[in-house]
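Based on the hints, put chain B in the right spot on chain A.
Respectively, the protein sequence lines represent chains A and B. Residues 279 to 669 in the numbering used here are what the first sequence lists, from first letter to last. Residues 6 to 165 in the numbering used here are what the second sequence lists, from first letter to last.
I should point out that these hints are in silico values taken from the structure, not numbers from a laboratory. Owing to the predicted nature of the structure, the values given are computational and were not obtained by experimental measurement. Glycine residues also receive a C-beta, built at the ideal position from the N, C-alpha and C atoms.
Partial selection, computed: residues in chain A whose CB lies under 7 Å from chain B:
#1 ALA306
#2 GLY317
#3 ARG579
Pair by pair, the computed Cβ-Cβ distance ranges are:
#4 A/ARG361 / B/LYS53: 40 to 50 Å
#5 A/ILE471 / B/GLY51: 55 to 65 Å
#6 B/ARG63 / A/SER349: 55 to 65 Å
#7 B/ARG63 / A/ARG361: 51 to 61 Å
#8 A/SER349 / B/GLU9: 35 to 45 Å
#9 A/HIS341 / B/ILE151: 31 to 41 Å
Below are the chains, spelled out letter by letter.
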Amino acid sequence: MMNYQELISPHIQAIAPSGIRKFFDIAAEMKDAISLGVGEPDFVTPWVVREAGIYSLEKGHTHYTANRGISELREEISIYLKRKYNLTYDAKEEILVTVGGSEAIDLLIRAIISHGDEVLIPEPSFVCYKPCTLMAGGTPVTITTEEKDNFKLTPEKLLEKITDKSKLLVLPFPNNPTGAVMEREDLEKIAKIVKEHDLFVLSDEIYSELNYSGEHVSFASLDGMSERTVTVNGFSKAFAMTGWRLGYACGPKEVIAAMTKIHQYGIMSAPTTSQFAAVEALRSCDDDVEYMVNEYNHRRRILVDGFRKMGLPCFEPLGAFYVFPNITPTGFTSEEFATNLLYEKKVAVVPGTAFGECGEGFVRCSYAYSVKSIETALERIGEFVAEHTKK
Amino acid sequence: MKNEILSLLEQDSRLTAEKIAIMLNAEKGQVEKIIKELEEENIILGYKTLVNWENTNRETTVAHIELKITPQRGGGFDTIAERIYRFPQVKSVTLMSGTYDLLVTVEGKSLKDVAMFVSQRLAPMETVVSTSTHFELKTYKKDGIIFTEKEVDNREVISI
Chain A
279 MMNYQELISP
289 HIQAIAPSGI
299 RKFFDIAAEM
309 KDAISLGVGE
319 PDFVTPWVVR
329 EAGIYSLEKG
339 HTHYTANRGI
349 SELREEISIY
359 LKRKYNLTYD
369 AKEEILVTVG
379 GSEAIDLLIR
389 AIISHGDEVL
399 IPEPSFVCYK
409 PCTLMAGGTP
419 VTITTEEKDN
429 FKLTPEKLLE
439 KITDKSKLLV
449 LPFPNNPTGA
459 VMEREDLEKI
469 AKIVKEHDLF
479 VLSDEIYSEL
489 NYSGEHVSFA
499 SLDGMSERTV
509 TVNGFSKAFA
519 MTGWRLGYAC
529 GPKEVIAAMT
539 KIHQYGIMSA
549 PTTSQFAAVE
559 ALRSCDDDVE
569 YMVNEYNHRR
579 RILVDGFRKM
589 GLPCFEPLGA
599 FYVFPNITPT
609 GFTSEEFATN
619 LLYEKKVAVV
629 PGTAFGECGE
639 GFVRCSYAYS
649 VKSIETALER
659 IGEFVAEHTK
669 K
Chain B
6 MKNEILSLLE
16 QDSRLTAEKI
26 AIMLNAEKGQ
36 VEKIIKELEE
46 ENIILGYKTL
56 VNWENTNRET
66 TVAHIELKIT
76 PQRGGGFDTI
86 AERIYRFPQV
96 KSVTLMSGTY
106 DLLVTVEGKS
116 LKDVAMFVSQ
126 RLAPMETVVS
136 TSTHFELKTY
146 KKDGIIFTEK
156 EVDNREVISI
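This is chain A alone, in the form it adopts within the complex (with noise of 0.2 Å):
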């Protein structure tokens, strides 16, 4: 018999699977649930992008391209990267095309850490920044951000977690599942730290186009940063392509260097198809991007509307397409509100908790759907949160 308990590496077994896989699983079987649990677009790929992707089969590109993708599309996104965020990478040698952005964060973070560095990571946020620290050797360090700060790292936070292991900064703004954006001035003072504290920065701006404060401001874009900032970014949220597996992470090409290197072993290449469909969207969907971002911010209007009148603190997010409410008024923790939520009125959100310990209180609502069920869900949990709020 084989033993599998020996089989598995004990630092794989160490990472604890996700504490609410079970919740996940009662959702997927309830059929007529309404959800408001997805983290991904729900518009479909605009169709001049799935033409770009078929003509591409159809001309015959089905082989495998450059480890760091097709130089058209680092063309591509170095001439987008400067339009919209006034940044400057060399397509030859500071991008590296990856299977989604995840894939760009596990390269970064396994390029530079080994044993017993430390990772700073603000939370509640994605879930993937912790485990691939671990998987690296690292120790994952986490700084809790607050409701009462509008969920923004602030610099006193940051200086309290930071020590002489301190190597890697991850910068998750807009953040899933706060929707917290990090203005200019905000992210100046983080700057600062930086510098003085030698850190290098993971900034994972997916998000960056779903930004209703007017202006994503790119961390590598401030005075100084770039040299010590890898920037990871993506098709899924913008261009609405979470299963076209396309993103890319920019900086230092000696880093970028390091990335392709297990990248290429790894995973030889990016998607073909997903490559050549990518240059098509940076290319022509300014104006498809531009309407699927009023249509979230249409959204994201009603929803927080809605639990501001269902008497829910609900914190005004500027980004991504997650509101972010505190459900203590009902007493509920996270999972007991999403649990409930789901059987009493079938409605799937998620806890905060998934997001890190510091989740507690609060449950993510994603507005990646339409309206009217938007406004379906916003009715079932007015009732649930009637028949529940302490009087």
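Positioned in the frame of chain A, the structure of chain B alone reads:
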């Protein structure tokens, strides 16, 4: 603000002023006022429902008729267009560039019904030089809405 309200209503005419106000971060009273103005200025002409009659038991026949016209002194194409659009069977009349002048959409109960209308009402008009009738067989998409397939959400219930 006017154009934003118009685009929202064009997509969904049942949106209330209150809902629009929330979506655009405005005051309900202000939205109501603008909608009233838009109605008075003849910019909002009505609030209709998009119906796919093919999925009902009601038989309708729609035809697009290309008309070549001799323009009249003084009235140009307007005089004849006005005479045509007053028929209730006529759903739309548009002046076109190219090989013909007016595109007229006619709705009737049957093919014969529409054909009779064309031959008895449109063709004999003095200034009409010729007509060419095209019947609709199947509508795939209309006013930005796809008729032939229903949108389904095939995403997982939850993803992080």
